[in-house]
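Participant: Fit chains B and C to the given chain A structure using the hints.
Protein chains in written order, with the working numbering: chain A, 1 to 272; chain B, 1 to 262; chain C, 1 to 153.
Be careful, since some hints might not be right.
Said to hold, decoys possible - Cβ-to-Cβ under 8 Å is the rule here; a few derived chain C residues that face chain B:
no., residue
1, Met3
2, Val6
3, Thr9
4, Met14
5, Gly17
6, Ala20
7, Ile22
8, Ala25
These are computed hints drawn from the structure, not numbers from a lab.
Note that the structure is a prediction, hence the values are computed from the model and not measured.
Backbone N, C-alpha and C fix where the C-beta goes; we use that ideal spot for every residue, glycine too.
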Amino acid sequence: MSSEQPYISIRGMSFSRGERLIYDNMDVDFPRGKVTAIMGPSGTGKTTLLRLIGGQLLPDSGSVMVDGHSIPELPRKQLFDFRRKNMSMLFQTGALFTDLNVFDNVAFPLRVHTDLSESMIRDLVLMKLEAVGLRGAHQLNPAELSGGMARRVALARAIAMDPEIIMYDEPFTGLDPISMGMIVKLIRGLNQALGLTSLLVSHDIEESCNIADYLCVVSGGKVIGFGTPEELLNEGNDEVKQFLTGDPDGPVPFHYPAPDYRDELLGAGGSN
Amino acid sequence: MNLFERYLNMGRSGVESIKSLGRATMLLANSTTWGGPGSAGFADLIKQIHSVGVRSLSIIIVAGFFVGMVLGLQGYTILSDFGSEAALGTMVSLTLLRELGPVMTALLFAGRAGSALTAEIGLMKATEQLSAMEMMGVDPLKRVITPRLWAGLIAMPVLALLFSTVGIWGGAFVAVDLLSIDEGAYWGNMQASVEFYEDVIKGLIKSVVFGLVVTWIAVYQGYDSIPTSEGIGKATTQTVVISSLAVLGLDFVLTAVMLGGV
Amino acid sequence: MRMRFVELTVGTFMVLGIIALILMAFRVSGLSANGSGDTYILKARFENLAGLTARAKVSMSGVTIGRVTKVYLDPEWYSAVVEMEIDQSMSTLSLDTSAAILTAGLLGEKYIGLTVGAEEEYLEDGDWIEDTQSALVLEELIGRFLFNKAEEG
Numbered sequence: 001m002s003s004e005q006p007y008i009s010i011r012g013m014s015f016s017r018g019e020r021l022i023y024d025n026m027d028v029d030f031p032r033g034k035v036t037a038i039m040g041p042s043g044t045g046k047t048t049l050l051r052l053i054g055g056q057l058l059p060d061s062g063s064v065m066v067d068g069h070s071i072p073e074l075p076r077k078q079l080f081d082f083r084r085k086n087m088s089m090l091f092q093t094g095a096l097f098t099d100l101n102v103f104d105n106v107a108f109p110l111r112v113h114t115d116l117s118e119s120m121i122r123d124l125v126l127m128k129l130e131a132v133g134l135r136g137a138h139q140l141n142p143a144e145l146s147g148g149m150a151r152r153v154a155l156a157r158a159i160a161m162d163p164e165i166i167m168y169d170e171p172f173t174g175l176d177p178i179s180m181g182m183i184v185k186l187i188r189g190l191n192q193a194l195g196l197t198s199l200l201v202s203h204d205i206e207e208s209c210n211i212a213d214y215l216c217v218v219s220g221g222k223v224i225g226f227g228t229p230e231e232l233l234n235e236g237n238d239e240v241k242q243f244l245t246g247d248p249d250g251p252v253p254f255h256y257p258a259p260d261y262r263d264e265l266l267g268a269g270g271s272n
Numbered sequence: 001m002n003l004f005e006r007y008l009n010m011g012r013s014g015v016e017s018i019k020s021l022g023r024a025t026m027l028l029a030n031s032t033t034w035g036g037p038g039s040a041g042f043a044d045l046i047k048q049i050h051s052v053g054v055r056s057l058s059i060i061i062v063a064g065f066f067v068g069m070v071l072g073l074q075g076y077t078i079l080s081d082f083g084s085e086a087a088l089g090t091m092v093s094l095t096l097l098r099e100l101g102p103v104m105t106a107l108l109f110a111g112r113a114g115s116a117l118t119a120e121i122g123l124m125k126a127t128e129q130l131s132a133m134e135m136m137g138v139d140p141l142k143r144v145i146t147p148r149l150w151a152g153l154i155a156m157p158v159l160a161l162l163f164s165t166v167g168i169w170g171g172a173f174v175a176v177d178l179l180s181i182d183e184g185a186y187w188g189n190m191q192a193s194v195e196f197y198e199d200v201i202k203g204l205i206k207s208v209v210f211g212l213v214v215t216w217i218a219v220y221q222g223y224d225s226i227p228t229s230e231g232i233g234k235a236t237t238q239t240v241v242i243s244s245l246a247v248l249g250l251d252f253v254l255t256a257v258m259l260g261g262v
Numbered sequence: 001m002r003m004r005f006v007e008l009t010v011g012t013f014m015v016l017g018i019i020a021l022i023l024m025a026f027r028v029s030g031l032s033a034n035g036s037g038d039t040y041i042l043k044a045r046f047e048n049l050a051g052l053t054a055r056a057k058v059s060m061s062g063v064t065i066g067r068v069t070k071v072y073l074d075p076e077w078y079s080a081v082v083e084m085e086i087d088q089s090m091s092t093l094s095l096d097t098s099a100a101i102l103t104a105g106l107l108g109e110k111y112i113g114l115t116v117g118a119e120e121e122y123l124e125d126g127d128w129i130e131d132t133q134s135a136l137v138l139e140e141l142i143g144r145f146l147f148n149k150a151e152e153g
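So that you can see chain A by itself, here it is in the shape it has in the complex:
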């Protein structure tokens, strides 16, 4: 388990949905034990990348290696085993099971995958909830939780089985500043404390730059920038810089392609 070897390694990966080419011969490595933020303009399929890594989608070509295992080639049962032991995903909406309360939600993976006694499970669940600061809420139902609280419970559920990697899908979206601060603290803290590899997908540049060890900027189906936030801001190419600084005009233009302005106004359709 050398810390030099990347935890996730993607080579020559292509993926299309219908006729749209989403990833074109992509190569990227995600380092072990670090927080990497995957960023890019909307619609570039960042969530799709998480699903490809998690094995929910199969690439059209290329390889996806996680901890030495080739995910697309794993048979169904082994994929399930690998997922339950090593991978966890935090969905944008939390995705708590609405028919179970908070306690049962966090206990769910433990009850499904382990033979632990109920008292052991109880202890583990309360510990995980304590880590996210919601131990007192364990009796509540998901419908009674605020967005931020729901996401924290989902996080507790995600770490219930002590995974090696957690993938966060837009963890900052739609949160108020306080909840956002809590999530940031938790992501960073858990990564440190549990030695996790964390991948997060986000639009939020500021928070991502704060929290991540590495940024991975994706656009047009390829990785256009990978490095620490400082590296990319200073040495990255124009496209990356535009994205990171939020400049409205640059390689991604402000104006949608259109015929000449003057012609259109004064010509066929306009008033004369």
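Facilitator: Coordinates of chains B and C only, in the frame set by chain A:
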């Protein structure tokens, strides 16, 4: 859009329908058995029977009563032209047991329980609960679909039977209390003409088949829906439309088979 | 707590279904609790059945005492044969009991009406009823009426 393109589109939607049917069949095949990590258990089955069966009771019983009463009234009008009012009991009970009971219950079930199932599952898909289950190594089919499928299969015949029962008593109420038909004639002739194995059991068989088909369609539409509020709305409508048509079509087929050859 | 409520309602639901089924069986379809073991078979020959079918009632003085089980054509004698199941409790039918095919009401179904005779010996399982009266066929009646009228006038 010229004629050729229209033609191609028809072909494309035809192929889409066939693919849809294929996906639906795979869903059914993978959801009939219980078991697997994190899958549903007996308690979930009970919860689902409550959700689709018990909660539909009020509409089924009220509808059954009214339908029975209408049958009594209309039947009387028609039969009295032939001087055969005594056959009213027979008419009401056979109509309900063989046809109206299973079919109307199925249609009401599709509207009430079917659409609710589609919306519930569609919502689970939209809030990524189904994805979350997959990521945790739990088969969402076994956890979510299996108990609901079996609940529909079990609840429907019970509901159809209750519909017919209440209907027959509704007809009796109209006949005996309102139209002053002899109580003995109503029940006696009915007992002479209604065969348990022929009429009651065959009606039950129909409702079991309908239960399977309606629940299957409802569950599939939810599972396959586009995870937006628009998509779920569309899926719910499709459940009601498709299952209603399927029930009516199947009713013809089953009736023809049961009456012995077309 | 909530689970117990659900269990209760579902249990009640299923019980209602079973009650409905039992009601159907006995009140609506006349499935009798006796079972078919307590019957014996009698046979009768008729010239014309005119719509009598299997499962028709067999009654005496208006009381149903059995059912027609089989109806077929005898190829030797070219007459219709009716087999019926009679309730065991009616085992005292005299040898000269007569059977007639009657109609229940104007448009009603056909049934068999039995009338006892005076003989002291009784019909047993498998016996034939000798005295039979076929169904009244409307066309024959009219024909007979016209014939009589023609004779008078």
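Participant: The structure should be examined with respect to each hint, and the outcome stated for every one.
Facilitator: For each hint, the structure was consulted:
1. Met3: Holds, because the Cβ-Cβ distance from C/Met3 to chain B comes to roughly 7 Å (cut-off 8 Å).
2. Val6: holds (5 Å)
3. Thr9: With a minimum Cβ separation of about 5 Å from chain B (threshold 8 Å), the hint on C/Thr9 holds.
4. Met14: holds (7 Å)
5. Gly17: holds (3 Å)
6. Ala20: Constraint on C/Ala20 satisfied, holds at 4 Å.
7. Ile22: violated (10 Å)
8. Ala25: With Cβ-Cβ at 5 Å, under 8 Å, it holds.
In summary, the structure is inconsistent with hint 7 from the numbered list given earlier, while agreeing with all the others.
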